[in-house]
Amino acid sequence: MTTKTAISLSPEREEELAQLVREFRTTFLPSAAAQRYLSALADARAVAVGNFPLLLAHVEAGDPVTDELLRKLLPHADTPANRWRGAWIHPVAAIAGDLRSWYEAAGWTETDQWPAIATALLGFVRQATANKAQLSDACTMWAALPYTTGFQSGLLTPILNALRPDAFQIFATQSRNFLNYFADTSYTQAISDYPAANQQLTALFARLSEHMHENDSRVAVNQQQANDRGLLFVHWLATEKRFIFRTARYWALAVGADPWVWQEWCEGNMIAIGGPGAWDELGDLTGLTRRDFYRRRDSLIAQHAKWTKRSAEPFWRFARQMQEGDSVAVYHDDRILGVGTLAGPYYFATDVPLGHRRPVEWRDLTPRRHGTAFATSTVMPIDNTLFTALATAPAIAEDEARALAIESNAFDTDKTLPAFVHYLAPLLETLQALGGQGRAGEVLEAVRDLLSDTEPAAAPSPTRTNRLRRHLYRARHYLLRAGLLTTEQHGIWQLTAAGRNTALLAGDAQQLYEEIDYQQQLNASLAGASETVRRLAETPVTYTTAPPPDRAALPTPPLVPTLAERYPLHAVAAATFLPETQLARWVQAIERKGQAIFYGPPGVGKTFLAEQLARHLAGGLDEENTERDEHGFVETVQFHAAYAYEDFVQGMRPQPGPDGQLTYPIIPGRFLRFCAEAARQQGRCTLIIDEINRADLARVFGELLYLLEYRDRSVRLAADGRRFAIPANVRIIGTMNSADRSIALVDHALRRRFAFIAQQPDWAVLRRFHEANQTGYPVERLVTVLQRVNRQIGDPQSAIGHSFFMTATLGATIADIWQLEIEPYLEEIFFDQPETVDRLRWERVRDEVKADPE
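Numbered per the working numbering, the sequence shown spans residues 447 to 1300.
Hints listed in this document are in silico derivations from the structure and should not be mistaken for laboratory results.
Just so you know, these numbers come straight off a predicted model, no measurement behind them.
Among the hints, a few may not be true.
Stated by the list, open to error - DEER-style ranges, computed between Cβ atoms:
#: 1; residue 1: 1159; residue 2: 1101; range: 29 to 37 Å
#: 2; residue 1: 730; residue 2: 1222; range: 52 to 60 Å
#: 3; residue 1: 565; residue 2: 636; range: 55 to 63 Å
#: 4; residue 1: 1217; residue 2: 1290; range: 25 to 33 Å
Note that beta-carbon positions come from the ideal geometry of N, C-alpha and C, so glycine has one too.
All chains should be built: construct the whole structure from the sequences, respecting the hints.
What follows is the structure, encoded as structure tokens:
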């Protein structure tokens, strides 16, 4: 049981806390959102408890474990990339992207220091959790190390709490603000403050528990329960209620013209301003007085004729007026890209663009459209009303699609070409120099070498490498479309005969980028069709057409579909072992766009997930009052290389006439027949297109591309000339295997019209499946091996997924699964590296993954 602890609150704060607890207890504590948070916390602890002895075993065996220690001892956000890396996912996450890139760019850590950091991190965790009395010594030793700058309480305490939830509190931004506000303390994020703060926060959570059960003193609550309720209360207070712990300020910050800056901010959990020729010469503004700032500013204005006092003011605001705990909304043009809370003090990073920086704890990365005209200043104070309006503006894309939106030039203006266009000519030149072909990694290195001869030298970094890779993959797409490049061999970029003999000038590159006018494409298609019809007319053929009917008169499919039963979202969650909140966001994306594509590597359950969500949509979502005849139905079609417009929309098909002559009536395709039946129903009707990327999508969809974006309009079909509109109750869900075809190769017009939802190996799903089915299989051993295999593959889009191993009889069948499904896939990926395949064959991994090693 918890006991009353000596912590002093003022009468005003005591009464305020009691009122908030009463509101929390009645409005949030019974909710599904509260249970999801507690479940996520429990999942994170279970994974940490399973990981820790395995990490110790690897260390004792002398294995290289630097990356594994950083991934599995530090809290990471729940993103596809982090799940694929096998990082430890935690609801109080501090790491959204790559930790190394973040800390090295900030100047906190050198590349060669990471092994020492990882070793010290493990020692810190072992010392603190083995004996709580050693916490103060462990924190003092950690703070004294020369390479631990930036590793503060918010990053280090989640693992302590996971391993010893009865003894250690999570002391991140929200809980620190909570303690400082109610207990009138002034703790910082420094790890040296944590021992005292941990005691005080434990006492405050105990006091909160007393208020929670103020009407029933008989309720027995142990320390861990009190701590968890406290964490949940802090989460509600900061995230749901948006409680202001002090007179916080609100800011709007412009991201600038380079879209990749925003991605770096997301991954690095920071915001930044500056840049060459943009006041980075001011240097570090930490501790600077207003007078000293004016002196530096005026000195630089004297050196730069176009610099003004007004343009320097945002840097003073950024460094000296913004404070930890303030809220910031990042925007570009009329879009809000993300909302966060300042999580630490200003710092200045040298030798990087945008050197003036502040750490941020991102609260929401959903892009939203706000329609507010901001002033031209980079950093602007705004009031609470405007900030709330920005933070709750209509969403324009789900956060999983943020990277896709950036890659699709969502932030480009009409004034400049996207950066990747400038890589078209270097890519072509490099492949020609390599003899016409090369593997992706080889090509990337060669392009980098080529550009280093013509561009200023820059120190290589993961961020620059990733940016170059993205530009090259987009450039490859346009060379493919131009017929200069082929990817017939898996993993090989190979020039065609035309590509070997072509040189691109700047104007040629720009012309390759420009979108082809759709009407021109349609006219060209019709001209080709007319020539085909002319040749057919030379033989005795009878054509039959009908007058354009309205939508209700479309041909009826031969079979009337069965209407779906109600299938609530919690049933989908139970079947897929995915969080209900995540599923709800995907349903929202499908409803918003009307169509979505689930893409990812083999074995992540894309088709099964599509079927489950389609059943949910057709069953009336979670609307309790829907009648059976208000439900819809689900159909599935699989695309393949020979699938054509005539199969999907409409086309001429030979039919024997009564006189033995062939006639060529225009027959509706699969989609028109589906829409005809959907128009007769009241509920949502979903068409699942499996392996959607195996067909030539632009040709299969034809003029339907227009209708996918403008659902309230109609077009005249090319074959029979009648007008057609997609019924409002039609939904489309596609699946796409990214190991077969990169998402970068999907037609841009199609990409704009679908919500693209990434699926990656999710080991938590695998764990939940085996726990629910009580298989007794040692899942953690299997997960460790699969993570190693996927790191060897080195490409998230080709990783091995979890669903291969979601069978209740895994102990008896895993040998067959590995030898008959995994090994052939590895042989395809490493076709030129047989020694790599041999290291990953069943005989080599059997003892690591089997329940009872042979």
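- Message: Of all the hints numbered above, which does this structure not satisfy? Sort the numbers upward.
- Response: 3
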